[in-house]
Amino acid sequence: MYGHLNNAVYYQLFDTVINGWLAEHVGGSPVDAPVQGVVAESSCRFLAEVGFPDLVVVGLRVERLGNSSVTYALGLFRGGPEPTLAALGRWVHVYIDTRARRSVPIPSPIREALTTLLPPDGSPAEELA
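Under this note's numbering, the first residue of the sequence shown is numbered 444, with each subsequent residue one higher.
Be careful, since some hints might not be right.
[Unchecked claim] The following label-pair restraints were derived from C-beta to C-beta distances:
| # | residue 1 | residue 2 | range |
| --- | --- | --- | --- |
| 1 | 540 | 495 | 40 to 46 Å |
| 2 | 496 | 544 | 14 to 20 Å |
| 3 | 482 | 543 | 14 to 20 Å |
| 4 | 523 | 547 | 29 to 35 Å |
| 5 | 498 | 541 | 14 to 20 Å |
| 6 | 528 | 482 | 21 to 27 Å |
| 7 | 547 | 499 | 19 to 25 Å |
No wet-lab data here; the hints were simulated from the structure.
A virtual CB, placed ideally from N, CA and C, is assigned to each residue, including glycine.
Model the full structure from these sequences, guided by the hints.
Written as structure tokens, this is what we have:
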């Protein structure tokens, strides 16, 4: 309608990238899991317009890995010969016991996988390129 990607679609892309990465690197289905990550906070800063038929690429890093939560940093790039950073996302998952609905420590297999997304030097994930 407005000629650009609707703001809600950015959140859908971020959610899909994070959950797709978790499914690929940890496996299992969160539907029946006794512990799952739920979104506690999300944000998006829009930097450049994206529209049809632009191709997009989303970069993913872990910004902070806590005891029961993980903060992701995402960069959405408009593709092409010279990719343009179009949006910066932030996404917080808090891990909960699905029955008690209370926060719990991130399970070891998930934590081990998430550490691979931390910046190699331990610095904040400010650059996603």
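Margin query: Checking each numbered hint in turn, tell me which of them this model violates, lowest number first.
Written below: Checked against the structure, the hints that fail are numbers 2, 4, 5 and 7, while the rest are satisfied.
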